[in-house]
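Undergrad: Each chain, letter by letter, is given below.
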Amino acid sequence: MDAGGAILATRRQFIHSIMLASAAIAAPAFGRTISGIPWVPGLADRPAVPDPARTFFTAAERACVRAISARLIPSDDTGPGADEADVVTFIDRQLAGFYGRGERWYMKGPFSEGTDEQGYQSESPPAGLYRKALAALDAHCRGSHDGKAFDELDAGVQDDILAAMEDGELEFEGVAAPAFFALVLENTIEGFFSDPIYGGNRDMAGWRLVGFPGARYDYRDYLDHDGKRLDIPPVGLAGRPEWKTP
Amino acid sequence: MARKLPPVDVVLVGFGWTGAIMAQELTEAGLEVLALERGGWRDTPTHFPPTLAPDELRFYWRHEMFQDTARETLTFRNNASQTALPMRRWGSFLPGSGVGASGVHWNGQTFRFLPSDFIAASRNADRYGPLPDGMTVQDYGVTYDELEPHFDRFEKLCGIAGKAGNLRGALQAGGNPFEGRRSDEYPNPPMEMTFAQKQFGAAAAELGLKPFPAPSANMSRPYTNPLGVQLAPCTYCGFCEKYGCGNYSKAIPQTTILPVLMGKPNFTLKTHNEVLEIRRDSSGRRATGVTHVDVHGEVFEQPAGIVILCAYPLQNARLMMLSGIGRTYDPRSGEGLVGKNYCYQVVSSVDVFYEDRYTNQFVGAGALGMVIDEYNGDNFDHAGLGFIGGGYLACWTTNARPIETHRTPEGTPEWGAGWKKAVKENFLKSTSVSTHGASMAYAQNHLDLDPTYTDVYGRPLLRMTYDFTPNDRAMTAYLTDRAREIAARMGGREIKVNSREGAYDSMPYQTTHNTGGTIMGSTPQNSVVNRYLQSWDVPNLFVMGAGVFPQNAGYNPTGTVAALTYWAAEAIRSRYLRDPGPMVQA
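So the protein sequences, as listed, match chains A and B.
At position 110 of the first sequence (counting the first as 1) the number is 110 in this note's numbering, and the numbers step up by one without a gap.
Just add 246 to the spot in the second sequence (first one is 1) and you have this note's numbering.
The set of hints was computed from the structure by calculation and includes no laboratory data.
Each hint can be trusted.
Within a straight-line C-alpha distance of at most 30 Å, the following computed DSS-like cross-link-like pairs (lysine-lysine) qualify:
#, chain 1, residue 1, chain 2, residue 2
1, B, K456, B, K409
2, B, K444, B, K402
3, B, K510, B, K402
4, B, K670, A, K228
5, B, K510, B, K250
6, A, K228, B, K667
7, B, K670, A, K244
8, B, K444, B, K667
9, B, K456, B, K444
10, B, K456, B, K402
11, B, K444, B, K670
12, A, K228, B, K409
13, A, K228, B, K444
14, B, K444, B, K409
15, A, K228, B, K456
Okay, the calculated bits of chain B under chain A, using three or more residues with CB under 8 Å as the criterion:
#, stretch
16, 280-291
17, 313-324
18, 750-764
Positions of the beta carbon are idealized from the N, C-alpha and C atoms, including for glycine.
Could you build the full structure based on these sequences and the hints that come with them?
TA: This is the structure we're talking about:
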């Protein structure tokens, strides 16, 4: 196990103990016998909102992923992109949490590459895959582009590199570039469109861009819209940014 | 060493739709019923209230409502020449976990299979000649007419919104003219359709087709079901499939049965208890109960007079294999039955993009749709077409959850400025005509135990060997062409055809309609369970769920799964309890 893996393992153990502790509080029904409806007041099953202090990326990794996401969903005259939506913060917090550690994924070996139809088969959970692929990408960029990191390259060059990763034309040592590209694209779209409580979609930039009203639950008044545009401002699980008092 | 618990009359393995129905029916008969569910308790105000439910990342993309793949998944390969690898996360289908299971996160599209679907083998052979080599389609062993009262019961339990097309033999305008004879109208009127459904309906009618409103388990008005449980009107929030409904508007076990069932003194539920094995006596012909393990790792022996498998179909088949009941199917020899006839659903779509009309798809619901059934089952002449079966075509407006649903026109790049512009321009202005095709059984598609990968307890994972078949490919090409004809007339600027081509891919979401593996039929030589869903080998063992489908029809399975459960429950109550033993003589 490399140093990054050791850190991950330690973190995993730590988080696991925290999760067990909180599960005991939040889920009194563990392994129990139930008759009647066991509803308990005040125990709503709240989302696991990430702790802003818990991050995964190094500064260099963060700069690289920020640059990648900004090419995948660029800021342009159609409106704000991944950068304004702070997608990199979303990804950073996701990778620092259960998702990055692959805690809900089947991660037992043996591992082999598999066919396209067999899906994700990396030995590394998402955080590990990012770490390896970002190191390989950095080495490639510095080796082929006068010692420059990905985020220091021109947008056009960045796009060419991303396309080469997507198509598998660019090969990384010990990690599949297309698998990494597919994951970072998936996570970027998640970060652009998920509820702002997870750190991305800042100021609901993603929702505003497309016209999605967010976490609303009653549209009965709009059923007969008859093909006319509905302009309904978005609201998130935690309200709207402008509701917050300083 | 397993701790032995006091015996119960009936133990249910799994507690979703079939478990809840069976528990309700058998407790009414006075039996003491215990349900074992490996997931946790779930109720509307705690787990999916309106303030928490509309969370796309959490519930879909982070799999909050689904089986935990870290503990157990299945392995997958397209064919026997490949090595199956674990589905490390869910993709093409999403088995549920916890109380209510997949019945909590379904859309609510509640169809009845056609009368001809239950006799698919004999009907098609009579009309078109012998079935192709390798096709292992067979009759269900139960008929539509026998199931009709049970379809009706489930529709009334759920408050299904719809319009009858065939009421006691008389065709009804506005309903599905191809459906089997119904004894009664739907308990609730159809849902309110939006712009997209109206465009689809007009285009279909122009082509001489007969569009009808989809039967929906999303309430079209306030409803009190026959058990006295109340459901609230649907608010068209667009968070149905993959989510729990925060508004008591979708029929799920929690909103239809559990408020009554949970208070019964002869019913007990144990959560976070996973069944490891079905136990049998020394003869092997009688189940004595189950072995289960709780979340702390303590193992229990639970004696029971009747064992009923009510887990997800894939899980029921695996538990049979792990318990050594029946012989696992081997496609090389054709011997064995458990794991045979695994089928799925073959879906495709044609998107429609409007220039200056808005579909506003966030105003949606899981079963909000208009449907045509001209190309389903044997509703049309298949002579010369090269396939049997078919599927419905529908224009659903289920959601605009943006991570999942952002359609882009033909030629749009996958990322970058071009992608972003296309998503922005089309997000509120697109819809889709989807095809929902049947899946016919073939000898090579099957389930067995994986030789390499194991679950959290060290037991083999289930292995799925599956690919689309020549019948599927011809059928979906035909259905997609029909969808294109309708989509082209819906007044859009352009359409985009999303054909189902290439090998079956286990990752992009298609449907959670996995069927077969514990199939029903007429003899112990062709099936795992008889027409009453009773094991041929172990007569006090019953198997519920879509695993009993010998092949899958061109409809969503829940309505038929529930009808079969009521049918089996009635047989247990009226016949088995009086005279325990095989209800069909082999």
